[in-house]
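Engineer: Sequence:
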Amino acid sequence: MTVPMEYDNKIAFSKGLRHGIPIALGYFAVAFTLGIVARKAGVTALQSLIVSATNSASAGEYVGFTLIGKNAAYLELAVMTLVANARYILLSCALSQKFSDKMSMIHRFLIGFFVTDEIFGISVAFPGKLNPFYTYGAVAVSIPAWSIGTYIGVVMGNILPQRAVSALGVGLYGMFLAIIIPPSKKNKLIASLVITAMLFSYISSRLPLLAAISDGTRIIIITVLISATAAILFPVKNENKEDV
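Counting in this note's numbering, the sequence shown runs from 2 upward without gaps.
Since the hints were made in silico from the structure, they are not lab data.
One should not assume that every hint holds.
Distance windows between CB atoms, simulated [stated by the list, open to error]:
hint: 1; residue 1: Ala229; residue 2: Lys186; range: 18 to 26 Å
hint: 2; residue 1: Lys103; residue 2: Asn159; range: 16 to 24 Å
hint: 3; residue 1: Leu76; residue 2: Leu200; range: 21 to 29 Å
hint: 4; residue 1: Met199; residue 2: Met106; range: 36 to 44 Å
hint: 5; residue 1: Ala30; residue 2: Ser105; range: 32 to 40 Å
hint: 6; residue 1: Leu190; residue 2: Gly122; range: 16 to 24 Å
hint: 7; residue 1: Met106; residue 2: Ala213; range: 41 to 49 Å
hint: 8; residue 1: Arg207; residue 2: Ile12; range: 54 to 62 Å
Yeah, the Cβ is synthetic: ideal placement off N, Cα and C, and Gly gets one too.
Build the full structure now, drawing on both the sequences and the hints.
Structural biologist: And the structure:
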């Protein structure tokens, strides 16, 4: 007996909803500290809610809020956000291999819009071809948690004592450490690139010529130079490439 497609979609959505709950809890905690950063940059709670609802990317939002706080130019803000979020282009391309040829363009666009590291992880692990409603289920619970977490972070940042706000603001740096430390421990090249980036960032902030440039522009220059050099000198080998 063939199960109706509508029924399949309901099952997939329900499963995605369940799998999205742990992601939502993690998102809320991280977004709360991100809200503290937004509050320091002068962003209102409503503005932060809109930003998180339309740009579910921790690194991209952190860069954006930081540059807003420094009164950066619009072009600088746009370029740095693009650099910080560039990996989502690769994730979307990789996830497209899970799509059925019959999947409509609207589903492809929607999934591409909502792709995050965690959503990508559970979606790519979906058995067989990806049912878009599985991803929608995970998105339905995780993205609201991300947006509300940022909103509450700004609100609480306006209520809590300054010492508490400063302490909570450090939490986001812990998230970034959690991102770079595991791959750095597994790969010496990544570890050396991270250390090099930190070293260059420190040196550039002390050199008179580079110190005169805004923080955001310096980050863009360092990011592009180091990533481009690493890509040229140490290209990633495709282990799955078949011999011709």
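Engineer: Confirm or reject each hint.
Structural biologist: Hints versus structure:
| no. | hint | verdict |
| --- | --- | --- |
| 1 | Ala229 with Lys186: 18 to 26 Å | 25 Å, holds |
| 2 | Lys103 with Asn159: 16 to 24 Å | 49 Å, violated |
| 3 | Leu76 with Leu200: 21 to 29 Å | 27 Å, holds |
| 4 | Met199 with Met106: 36 to 44 Å | 42 Å, holds |
| 5 | Ala30 with Ser105: 32 to 40 Å | 35 Å, holds |
| 6 | Leu190 with Gly122: 16 to 24 Å | 23 Å, holds |
| 7 | Met106 with Ala213: 41 to 49 Å | 47 Å, holds |
| 8 | Arg207 with Ile12: 54 to 62 Å | 58 Å, holds |
In this structure, only the earlier hint numbered 2 is contradicted, and the remaining ones agree with it.
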